[in-house]
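Take these sequences, add in the hints, and give me the full structure.
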Amino acid sequence: VSRGHTLIIPKIHSEKIPTGATELAKQIAELLKTLRPKKIDIYPSNAFGHEILNVIPVYKGENLESPRKKAKQEDLQKIQKELETAEKPKIKKPRKPRTKRITEKNTWLPRRIP
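Counting from 1 along the sequence shown, just add 13 to a position and that's the residue number in the working numbering.
Keep in mind the hints are simulated off the structure, nothing from the lab.
As the structure is a prediction and not an experimental result, all values here were calculated from the model.
Glycine included, every Cβ here is placed at the ideal spot set by N, Cα and C.
Take these hints with a grain of salt, some might be off.
[To be verified] Keeping only pairs whose Cα atoms sit at most 20 Å apart, straight-line, the calculated EDC-like set for lysine to aspartate or glutamate is:
id	residue 1	residue 2
1	K85	E97
2	K51	E87
3	K24	E78
4	K46	E36
5	K106	E64
6	K106	D54
[To be verified] Have a look at the derived ranges for each label pair, beta carbon to beta carbon:
id	residue 1	residue 2	range
7	N76	H26	24 to 30 Å
8	K51	K85	49 to 55 Å
9	G33	F61	18 to 24 Å
10	K118	L37	47 to 53 Å
In structure tokens form, the structure reads like this:
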């Protein structure tokens, strides 16, 4: 459909798309941003009794109903090289807040009068 169009087909037959497949689609969408599309659409669809995900980079208004064209092997290899040399997005790990150690120096208690 468009340059960089990706299909994700889960191995498990189910009526719902597994969360792992949607996470993979989001990661692929981030990687496809290196091809500089206007936007990236993720469409779920059903083919051959399988729920699949289409990750489509949109350059001029492409969608699932756009005319299909056969890609040349050289074009596919060029896209593969572009994606391999692209800087991969870094996964941010959430930081745990540091716990403050309580000592006599940093603790203030009001003076108690009996």
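Consistency of the hints with the structure:
| no. | hint | in the structure |
| --- | --- | --- |
| 1 | K85 <-> E97 | 19 Å, holds |
| 2 | K51 <-> E87 | 24 Å, violated |
| 3 | K24 <-> E78 | 25 Å, violated |
| 4 | K46 <-> E36 | 16 Å, holds |
| 5 | K106 <-> E64 | 31 Å, violated |
| 6 | K106 <-> D54 | 26 Å, violated |
| 7 | N76 <-> H26: 24 to 30 Å | 26 Å, holds |
| 8 | K51 <-> K85: 49 to 55 Å | 24 Å, violated |
| 9 | G33 <-> F61: 18 to 24 Å | 20 Å, holds |
| 10 | K118 <-> L37: 47 to 53 Å | 51 Å, holds |
Taken one by one, the earlier hints fail for this structure at numbers 2, 3, 5, 6 and 8, listed in ascending order.
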